[in-house]
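Visitor: Assemble the complex: chain A is given as a structure, and chain B must be docked to it using the hints.
Respectively, the protein sequence lines represent chains A and B. Just so we're aligned: 231 in my numbering is position 231 of the first sequence, and the numbers increase by one with no gaps anywhere. Just so we're aligned: 68 in my numbering is position 68 of the second sequence, and the numbers increase by one with no gaps anywhere.
Hint data in this document are derived by calculation from the structure and do not stem from the laboratory. Just so it is clear, CB atoms sit at the ideal spot from N, CA and C, and this is done for glycine as well. Please note that the accuracy of each hint is not assured.
[Claimed, not checked] Pair by pair, the computed Cβ-Cβ distance ranges are:
1. B:Y25 to A:Q143: 46 to 52 Å
2. B:A115 to A:R283: 54 to 60 Å
3. A:K200 to B:A226: 30 to 36 Å
4. A:R59 to B:G192: 28 to 34 Å
5. A:E182 to B:L237: 37 to 43 Å
6. B:G192 to A:E324: 55 to 61 Å
[As the list claims (entries may be wrong)] Covered by chain A, according to a simulated footprint, are these stretches of chain B (three or more residues, beta-carbon under 8 Å):
7. 234-246
8. 255-261
9. 265-274
[Stated by the list, open to error] Far from chain A by the CB rule (all over 10 Å, computed), these chain B residues:
10. M51
11. E69
12. I78
13. I169
14. A289
2 protein chains.
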Amino acid sequence: MVLTNHKFLLALRPVGMPKRSDWTYAEEPVGEPKEGELLVQVLYISLDPAMRMWMNDVRSYVPPVGIGEVMRALGVGIVRASRNPRFAVSDHVSGSFGVQEYALTDGQGVTKIDARIAPLPKYLSVFGMPGMTAYFGLLDTGQPKPGEMVVVSAAAGAVRAVVGQIARIKNCHVVGIAGGAEKCRYIVQELGFDAAIDYKSEDVRQSLRKHCPEGIDVYFDNVGGAILDAALAQLRLGARIVICGAISQYNNSGPIAGPSNYLSLLTNRATMKGTLVLDYVGRYAQAGAEMATWMAAGKLKSREDIVEGLETFPETLLKLFNGENSGKLMLKVG
Amino acid sequence: MVLTNHKFLLALRPVGMPKRSDWTYAEEPVGEPKEGELLVQVLYISLDPAMRMWMNDVRSYVPPVGIGEVMRALGVGIVRASRNPRFAVSDHVSGSFGVQEYALTDGQGVTKIDARIAPLPKYLSVFGMPGMTAYFGLLDTGQPKPGEMVVVSAAAGAVRAVVGQIARIKNCHVVGIAGGAEKCRYIVQELGFDAAIDYKSEDVRQSLRKHCPEGIDVYFDNVGGAILDAALAQLRLGARIVICGAISQYNNSGPIAGPSNYLSLLTNRATMKGTLVLDYVGRYAQAGAEMATWMAAGKLKSREDIVEGLETFPETLLKLFNGENSGKLMLKVG
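Just chain A, same shape as in the assembly (with noise of 0.2 Å):
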């Protein structure tokens, strides 16, 4: 039996938001793997801000993704076929399988997941990528102490909403700051943070002020600009600031604006600091143990946001940058 494959390719570097035109949809027959190699049938594909990163022509912690390759993407899913002793047919793995439906792959940041632990889509959210950058995120770079004010940039992302929760687990009090009535209800109302701005309607500023009058211990930031810049103007003596990313930026065409409040860390000897999950890798199944205990007790929740279609994936995308999402967003392949 031939299987097709469809991916999509990245054609253009884009300015902005990324147009359906950037891409190039294209079909192939997909390949037999050679000695070493698994072929991965992709069921899940997480999409992720980092993304629009990788798709400019920068030094990163990762090349750019090149004209013409299939753009980057982790996944998950099943090896339908594989000449690496690691992997048997019928393996539920994750990796970074790309923007694709069938992956041949040596097998390099291959790991195999257990579908009877956990649903295959929570592998992309909380035992994934963003649950790993949420905990060491949080717990390592930020550092929090019980009593501690804890403030959360995009809230209801899938990266912060189990930051937030896990404030709460280590006895932190837990602002988040979100778009939209609906996101702020869901952030406290149902992952229990102490209270949440809505940046739409509230001066988020002023908002800060008032939750928190002795100021902020641990800012996540996800966001960048305005946001960065209003957290930074009511920091605590001390406070540390968690840089995980900066979606309000990465459509910009010219150049990223700085957070011009950023005195405010001599002012409070407070510490801003980049976190990249992939310093990790080696905690990750401990992290994984102990968050899964959480979810066990009831205390963190996660939520996905799962469309249906490959060929979706170019709008799909641009859910993450007008905040239409709410819980980890990814692609369902057909």
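Guide: Using the frame of chain A, we list chain B on its own:
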């Protein structure tokens, strides 16, 4: 004998560079110390970039100077009268005496200094705030390790000349960024920096790439703006940026320009942290003793830029911001 005090009061909050008309030059008879007070004749007045920040009506680590108040300044002087048991007539002292000839003080924050150990101006430079700022900012916040690459901006300035020399003492490679050939010659030939970048005639980003091909481990920043961005673009994994000030931004009438390359903190898992010397008061003595041994061994030099005449204050202050001074700027009170 009735003594006369001359003093500079803040008359207006300056917009941009402070002008003579932003000050009131006033004259008054010198008062008598009350019980617990002492009268200090001010001999040298320290001029520091932070003074510009104190003139703005914004919350900082100290309150702003009020309109009509004596301009805040550190100084050294001699006790002329004392009703405070801690101080005797003819003691030499340092403290926050303001821009004036005579200061009445209750002795809070006033320290006795020994003019036999070092000339008085050194107590406003290497044995004063600039020296302590350099020592603790570099060693405590920057955490340089032997063999690492340390970059210092405004490197001929009072604080940073000491930073660079301490980094050399700690066996780091040191690159200084300074304005003009003479300052560059000074930091390399007299202070022993490994290299200098003249920001007036070189492309700082390119030169950083040349001098720091493997990236910057510690960047000590007092200038902000384009030079901070250039350093951010050349960080090494795990780099530390010490934020000590932002002299390029203090006279802005618009908003401060934030560092647009701050996402390099993420890419490089780097840290940007503010440092404030006042946090280390309890360790000044130990730092002073260590720096004295380095000075005695000829490893640590300092240069003072001493301008005569209290009445030149408004114009002399500007030397800090137009790059004219080389070494610690201070006024000698006539």
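Visitor: Are the hints correct? Go through all of them and say.
Guide: Now the hints, each set against the structure:
Distance hint for Y25 of chain B and Q143 of chain A: a CB-CB separation of about 50 Å, consistent with the stated range 46 to 52 Å. Checking the proposed 54 to 60 Å range against A115 of chain B and R283 of chain A shows it holds: the Cβ atoms sit about 57 Å from each other. In this structure, K200 of chain A and A226 of chain B meet the distance hint of 30 to 36 Å, their C-beta atoms being roughly 34 Å apart. Hint check: R59 of chain A to G192 of chain B, Cβ distance near 33 Å, so the stated range 28 to 34 Å holds.
Between E182 of chain A and L237 of chain B the beta carbons are some 40 Å apart, a value that agrees with the proposed interval 37 to 43 Å. At about 58 Å, the beta-carbon gap between G192 of chain B and E324 of chain A stays in the expected band of 55 to 61 Å. For the segment 234-246 of chain B, the proposed coverage by chain A is satisfied: 4 residues have a C-beta within less than 8 Å of a C-beta in that chain, meeting the threshold of three. Interface restraint, the segment 255-261 of chain B with chain A: holds (7 residues with C-beta to C-beta distance below 8 Å; minimum three).
Here's how the segment 265-274 of chain B fares: 10 of its residues keep a CB closer than 8 Å to some CB of chain A, so the rule of at least three is met and the hint holds. Taking the minimum C-beta to C-beta distance to chain A, about 15 Å, the non-interface status of M51 of chain B holds against the 10 Å cut. For E69 of chain B, the shortest C-beta to C-beta distance to chain A comes to about 21 Å, beyond the 10 Å cut-off, and the non-interface label holds. Even its closest Cβ contact with chain A, about 33 Å, leaves I78 of chain B beyond 10 Å, as expected for a residue assigned away from the interface.
The Cβ of I169 of chain B sits about 25 Å from the closest Cβ of chain A, beyond the 10 Å cut-off, so the non-interface label holds. Against the 10 Å criterion, A289 of chain B stays outside the reach of chain A, whose nearest CB is about 24 Å from its own CB.
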